[in-house]
Amino acid sequence: MSKEKLSGAEALMRSLQDEGIELVFGYPGGASLHIYDALFKQQAVQHVLVRHEQGAVHAADGYARSTGKPGVVFVTSGPGATNAITGLATSYMDSTPVIVISSQVKAHLIGTDSFQETDMIGVSRPVVKHSFLVLKAEDIPTTIKKAFHIATTGRPGPVVIDIPKSVTDPDYKFDYSYPKDVDIRSYKPVEEGHSGQIRKAAKLLLASERPVIYAGGGVIQNDASEELIELVNFLNFPVTNTLMGLGAYPATGDKFIGMLGMHGTYEANMAMHNSDLILAVGARFDDRITNDPAQFALGAKKIHIDIDPASLSKIIKVDVPIVGSAKSCLRQLLNELKKNESKLHKEKIEPWLNQIQDWRNEHGLNHDMLQKPSPSGKILPQQVIQSLYKETKGKAYITSDVGQHQMFTAQYYHFDKPRQWINSGGLGTMGFGLPAAMGVQLAFPRATVACVTGEGSIQMCIQELSTCLQYDLPIKIINVNNSSLGMVKQWQDMQYGGRLSQTLYEDSLPDFVKLAESFGHVGMKVEKLEELESAMKDCFKLKNKLVFLDIVVDQDEHVYPMLEAGMALDAMWLDKETKTWE
Amino acid sequence: MKRVVALLMENQSGALSRVVGLFSQRGYNIESLIVAPTDDPSLSRLTMTTEGDARVVEQITKQLNKLIDVVKVLDLSVEDYVGRELLLIKLDSSEEAEAKVISLGGQVLFKNESILNAEFVGSSEELDKIVTSLSESNLLEVVRTGLSGISSTSKTLTI
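Line by line, the protein sequences give chains A and B.
Using my numbering, the letters of the first sequence correspond one by one to residues 1123 to 1704.
Using my numbering, the letters of the second sequence correspond one by one to residues 1144 to 1302.
Incorrect hints may appear among the rest.
Said to hold, decoys possible - Each computed SDA-like pair below joins lysine to any residue, with the alpha-carbon atoms no more than 20 Å apart: (1) A:1436 / B:1216; (2) A:1436 / B:1205; (3) B:1205 / A:1309.
Hints in this document: simulated from the structure, not taken from any laboratory.
Just chain B, with the same shape it has in the complex (with noise of 0.2 Å):
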């Protein structure tokens, strides 16, 4: 089962190490991982995708929480939560091309006689489908940021 963990983490050198270390010591995958500085700049959030039942998942957890700098852990993937990823996709440029990136709901961010850039965010099915579709046109480039999570109930991963 696809689960999704978040943590904050003391945004300082060797911190993001010692978090995918962990996952390799340990033999768990990883299947997306996502990181960036958080509005308080002495933190940085991570959001990362991984396959497991419970007991592995709830192992993962207090794993990362014994880290000295990871300061919170929230698995989000039990309760409700929102889940978005970022899609950019590069193109051979046309007017059919363009129609259809914004018949799937995707915006052009770039275009010139030759490469159209566009942006497609979306739940990781959604962008697995989007993909699916273009896969007709000649798509020459595929790159996404993995999933970025946020939990739909009252609990919040702050300090």
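This is chain A alone, in the form it adopts within the complex (with noise of 0.2 Å):
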């Protein structure tokens, strides 16, 4: 059979094609009109025209997150490459599928600063989880494949292509052909866990008086929701889930205690500190989750089960390293602890359920505030997520931007399902909640899709509200407008005198609902908590229409609890007068 010729570009659309993409995300240049010429005479990868590369990441990424599946993002050199960067170091941070191909300038021209030409490979190395510069248009194919591998396997994590104008020449033409399997050698993920060492957890958690099951994003990532549910209903754990982790472990169910860390639960943090064994899969002792780390859970012996072995005992020393994927090692243990089944006694830890059962009723959240004004009169972002949880029945794809809206959604609207609560976690982006939004909508055309932002982060990406409007994105923006950047003013409140150094610009402010009408949308305000939820209705009711619903609220409500730094996880601020330690 004779192979066909195509260039370097039709390459390209074709290794995409056969490695199954629809959807790539992306902005033309200079350097790219080879490969938008052939994506122009191709029809099975769609392309998004976003309207900065910063959100063609974030919705790639948005993509990846809520499917599973990577996302694929054009660029053109210079400038689109640099825009690609935030979006690159978000899904570095959180470890998502993502796959940047970034145009350069023609291969003679690299070193000569060129007309937009950066070393992208270069100022990507550092939020890359691998980078390829393609120099001849037959290695294109190979390339592919490799990306595609390197990005989805072991710890996934975004991968840069970077392809000079030359190579994508259409005049040069080579046997085409997509290799069926890729083989790198100096890169083999271990997925099953070393026998032995399950061995050790299981005898551990077979002996546990006060165990504690922490689950991150790697449990999300790794679809291992399943195996983890199993585990926890057989041990009868209580467990909690970091911020990446929210729906790794539905949030009603009977054995949750919230999320733990910064803003968690009292009840998860008194929890973890309170400890004898701690099961941490898929997460990875993140500074805002230990708090200060020489003071972390000092009773509590440790089992941590992840993929990247440079996750093991890098903040904390564990007793039980084991390296593999969340799914695999859940499902070995449990084979194990079946087989133990007699030396399980789940009255053992009935007065540790009751322990933290008392803490929740002492200072756990009050998930029911949406009938109760506050004293100030105003609507408070509680009340705003609360409202939203009860309008779409916890069954919405929720993105967030970064600030006090996200840890108000993270604490209360309750995820039940993996792949439900999207959010940059890890670099704590703002502006990532709209893209990201396009990404999870364009992937999941019918579902139900809002992104909870604030009047700061919404603004750092708004320009993707035309987007919204080319591809008839209905998301309903829930924008929580306290006119200030909350987050980093909660902190001015509470640790440099209330010094409000420039975290105010409520004079300054656009008309959200003006603004959303003038890109084609719908715009709605709200100001008084009567309001609150018959406006939470008609938004979600315009079922076609992206509705921008921007809701005036307490400017001085801060997020709690909130651990103090420098202390254990058992010091809480949990409200602006109570803290738990002298």
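Two chains, two frames, some hints: make the complex.
In structure tokens form, the structure reads like this:
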């Protein structure tokens, strides 16, 4: 059979088709003209034209997080490439499979400071899992295959493929074939956990009297929720999820004790601090979780399952490190536990579960604030999230931006399914929410998708409202508007004597209703609690329209609980006046 | 404590910058670094010395292993190894200088009326001593390669 002759640009498009890619987010430019021409001449891969490259990467990331499939981006050289960096760093910190295909100036011009030239490989190096510079058209199919393999396996992460314009030259054709599989000698992620370590872990789990399961984003990435739930049901152990892990174990499940860490629930942080055994799965003992590592859960033995060996004993020394995928290791652990079922004494942990319940009764979150007006008479951000939860019956995909609204959503929207909650946890990228919601809505056109944001974050990628019109994306933007950079303001209130340095801009905010309307969408504004629920209803009733719901909330509300820096996990502010330590 | 880490990596552009970048990115110090292709031309071997306790070095080797271009990593300093580096010097040419070089175990590589070049091979500590004792002569220039090492156990850094 004679092989097909394709140019580099055509081979790129064909490779993406052969990889099963249906959607690409991007923005064309001089160096990517050949690629965009090849894109034009085919139908299998659809392209979404964003308004800024940062939006393209966040959208691809949102697509990847909600589907588990890799998100693909096209950017041009120079500014196109550098605009993608924040998106890459966001994806890198949260370990999501994103492929950015950046165009580069012609090969012979590299290094000459030519027009729109940037060393993309160099600039992106600290924020990618790997990168490739393609110097021959013939290398395109293999490089694409390798890139998808690297991005989606092991600990997932973003991969950059930088392709000089000359390599995509339409006049140079070669025999195209797409490799069936790929072998990289230096990259062989381990899926299965070491059986000896699994046995050790099972023994500790069966002996524990005050256990906590601490599950992170790795459980979601690896589609291991089923195994996690089975393990929890088998052991009857309490579970806490990290910000990235929300939905890994259902928030309405009876063993869920809420999110842990900086703004975690009182009972989750207290349980971690007082436990005798922590089983960490797909989580990385981030500084927002541990508070002072030297004082972190000193009475607890620690088991840590992670696909990335470098995550083990990086921050916290653990007793039983297990390298492997969450799914495989949890399954192995379950099998080992079932073999030893006679040694499982569920009643042994009853006092511990009662203790956690007491903590919850004492200082747990109030999930029933909707009917009770606040002393200030203003809408509270918590009430917004509770109303959103009620209206969407907890079933919407929720993306968020970064700040107080993000924490309130994490605390008050009960995520029951993995991949339902899409947020920038590691990098904390303001501007992530709206483009991420585009990616989710394009992946699931019939699903309800809401972006919870603030008037600060939304302005960072507001231009994507135009993209939403072009592709008819009926996203619901829930703007928790406190006319200030709320999270920074909260720290200034608490630790800087209330000196609000550069966190206020009340008089210069846009009229968001008119702004949404000018982009061809629907805008609504709410200022009174009694109007909140009906506005929320009206917003979600408009199934085929993007609605920008601008909700004016109390500027002085803080997110609690909040850990006190430099202390253990039991040192929390519970409200503006109450703290748990002396 | 001084640690010696050796690794094999793909002999291709970008690999070295990823290794070096990792050190600056994660705040590790490199004391010396030496790299060259191996007998298998598809691979380069790199030896670096760094300061740090066992935990830091464990993190370094894990992070290095994570790099896609890095094929294999070995912390030589956890067991017996030999480490050697090359010292090249330039001296004012004289008979005394030549005698001194030879008495210190060096080899003269070049000599004319004004310039004398010599080489020494040894452990870093030996070379430190040689540089000190030569400093009384008219030492014009000193260059050291940094440490290269090989394990003295049955463990091999090969694929």
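query = Is the straight-line distance between the alpha-carbon of residue 1436 of chain A and that of residue 1216 of chain B 20 Å or less?
reply = Measuring from Cα to Cα gives roughly 18 Å; hence the hint holds.
request  = For the pair supplied as a hint, residue 1205 of chain B and residue 1309 of chain A, confirm whether the alpha-carbon distance does not exceed 20 Å.
outcome  = 13 Å, holds
inquiry  = Run the distance test for residue 1436 of chain A versus residue 1205 of chain B: straight-line Cα separation, threshold 20 Å.
reply    = 10 Å, holds
In summary, the structure agrees with every hint in the numbered list given earlier.
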